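Chemist: Here is how the chains run, residue by residue.
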Amino acid sequence: MTLRLNGSTSGSVSLDAPATGSNVSLELPTDSIKPGLVLVAAQSFSAVSSVSVNNCFTATYETYRIIGEMTGSTALGAFLRLRSSGTDASGSNYDRNEVLAGASSLVDTQSNNQTFVVAGAANTSRRSGFYMDVFAPFLAQETSFIGLRTYPLDDMRGFIEFGGHNLATSYDGFTLYPNTGTVTGSLQVFGYRKTV
Amino acid sequence: MADVIEIDAATGEVIERDFTPEEVAQREADAAAAAEAAAAVEAKAAEDAAARAALLERLGISEVEARLLLGGA
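If you read the sequences in order, they're chains A and L. Each residue of the first sequence is one higher than the one before, counting from 24 in my numbering. Each residue of the second sequence is one higher than the one before, counting from 41 in my numbering.
None of these hints come from the bench; they were simulated from the model. Treat the hints with care, as some may be off.
Stated by the list, open to error - Rough simulated footprint, nothing fancy, chain A against chain L, three-plus residues with beta-carbon under 8 angstroms:
no., region
1, 62-72
2, 76-85
3, 88-94
4, 97-106
None of the values given here were measured: they were computed from a predicted structure. We put the CB at the ideal spot given by N, CA and C, even for glycine.
Pulled out of the complex, with its shape left as it was, chain A reads as follows (with noise of 0.2 angstroms):
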């Protein structure tokens, strides 16, 4: 049995199985066709103050990880709630705890009883990123939250941002905003594959 890619003159492959003999298995590697991150969602966004992306939690996927990269309007941090059928979980049910990586020290700072987590941080003058992996956001049970982000400023700083969203319930996307004026950038979110 002959494999045969055709790519340089039509774009297509055929697989050529002999007339007799016995049968056979074409077996392809697994991790050739099971990726571990899988793109259920990628938007790009000019001057906006609020982005929302709706059903990409569901079931398919347990774990979810969120990257970003953006510029701001002014500085700003960029705050992230979870969301159901629309509508934003804007309750005080978020617990976090950021650290900062400043210029000589590191900043631990709790915060509980939060309406977001923080998910990401812009500037005007320099181009900043940020990822953050959601844990199972679909499943009626408490969402966590872990993530880093760029924190840009003159010289370049960054936060760890672990937390928590503590009410038992199913949610089906997210919500981004700044906390003041507008960004513009990316982001894309990952379903983790859950199974081999």
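Assemble the complex: chain A is given as a structure, and chain L must be docked to it using the hints.
Modeler: Coordinates of chain L only, in the frame set by chain A:
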């Protein structure tokens, strides 16, 4: 420019719209909460820096010497 961009991951639909009145009110509350949180971080950083400086003064060593003592660069 629209205030909000809303994406449906299931359908690929993208909606750009302005804030609803409820969202405007929520945003104002969010801004106040954010300012409070930022102030708390700054206050904690200032408090830690003052405590560190006071400790170094009591010990009679500089910050550089303290880092060397603790194995840092």
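Chemist: Does each hint fit the structure? Answer for all of them.
Modeler: Hints and how they fare:
Interface restraint, the region 62-72 of chain L with chain A: holds (6 residues with C-beta to C-beta distance below 8 angstroms; minimum three). For the region 76-85 of chain L, the stated coverage by chain A holds: 6 residues have a C-beta nearer than 8 angstroms to a C-beta of that chain, and at least 3 were required. Given a C-beta distance limit of less than 8 angstroms, the hint that chain A covers the region 88-94 of chain L holds, as 3 residues qualify and 3 suffice. Taking a C-beta to C-beta cut-off of 8 angstroms, the region 97-106 of chain L contributes 1 residues in contact with chain A, too few for the three needed, and the coverage statement is violated.
Hint violations for this structure: number 4 only, all remaining hints satisfied.
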